Amino acid sequence: CATASATRAGVFSALLAEQGMTGPDEPFEGRRGLWEQAACGPVTLAAFGGRDEPFRILDTIFKSYPSQIHTQGPIGLSLELSPQVSAGDIDSIMIRAYKGAVSTPATEPEKWDPKTRETADHSIPYLVAAALQDGEISPTTFTTQRIQDPALRTIINKMTIQEDTKWWNPIPR
1 CATASATRAG VFSALLAEQG MTGPDEPFEG RRGLWEQAAC GPVTLAAFGG
51 RDEPFRILDT IFKSYPSQIH TQGPIGLSLE LSPQVSAGDI DSIMIRAYKG
101 AVSTPATEPE KWDPKTRETA DHSIPYLVAA ALQDGEISPT TFTTQRIQDP
151 ALRTIINKMT IQEDTKWWNP IPR
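According to the working numbering, the sequence shown is numbered sequentially starting from 1.
Note that these hints are calculated values from the structure, not bench results.
Please read these numbers as outputs of a predicted model, since none were measured by experiment.
Warning: the hint list may mix true and false statements.
[Said to hold, decoys possible] The calculated label-pair distances, taken between Cβ atoms and stated as ranges, are:
1) ALA39 with ALA87: 49 to 59 Å
2) ARG117 with PRO150: 10 to 20 Å
3) PRO109 with GLU26: 41 to 51 Å
4) GLN37 with GLN162: 42 to 52 Å
5) ARG96 with ASN157: 13 to 23 Å
[Claimed, not checked] DSS-like, lysine-lysine: derived pairs with alpha carbons at most 30 Å apart:
6) LYS115 with LYS158
7) LYS166 with LYS63
8) LYS63 with LYS115
9) LYS158 with LYS99
10) LYS115 with LYS99
11) LYS99 with LYS166
12) LYS63 with LYS158
Glycine residues also receive a C-beta, built at the ideal position from the N, C-alpha and C atoms.
Model the full structure from these sequences, guided by the hints.
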């Protein structure tokens with residue numbers, strides 16, 4: 001939601017500017033600007049790049065699937081395995097991942113039994129089960145009917161997730 005909201009705000013601002021709307025010259029540093037109001041003093045930001053420094057945009061991470069960043073690796077591996085495995089033949093699934101992947105999208109009880117899209121797209125158990133069963137992760141993965149499918153709960157119930165310190169730097173840059 002944050003990315004979509006920021007994008008919407010940027011487009012809206014551009015449309016307003018196109019129509020002639022203007023704003024204060026110093027909305028952040030100026031008198032009664034953001035820093036004075038919210039930070040109670042000057043704020044120093046790290047350089048965004050330029051001259052001899054690479055721009056920060058080079059640190060941008062692009063997701064391959066419509067889900068939380070820590071779910072990307074498990075989804076990718078599950079999609080690779082999907083053509084080789086029948087969900088009905090699975091006895092157990094052990095997922096080993098780095099701390100962030102275990103703590104956020106796998107430890108909360110609702111991640112093991114998602115009821116909404118907002119939980120399902122942040123749930124490694126749900127997404128791995130859906131990828132193995134369907135061979136894809138798409139908008140259909142997040143329909144209410146699909147989220148409530150008992151076949152996915154059967155796969156989820158065969159899953160365990162453990163932190164593995166071997167995987168310490170999970171996000172490629």
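Quiz item: What hints, given by number in increasing order, does this structure fail?
Solution: Hints that this structure does not satisfy do not exist here, as all of them hold.
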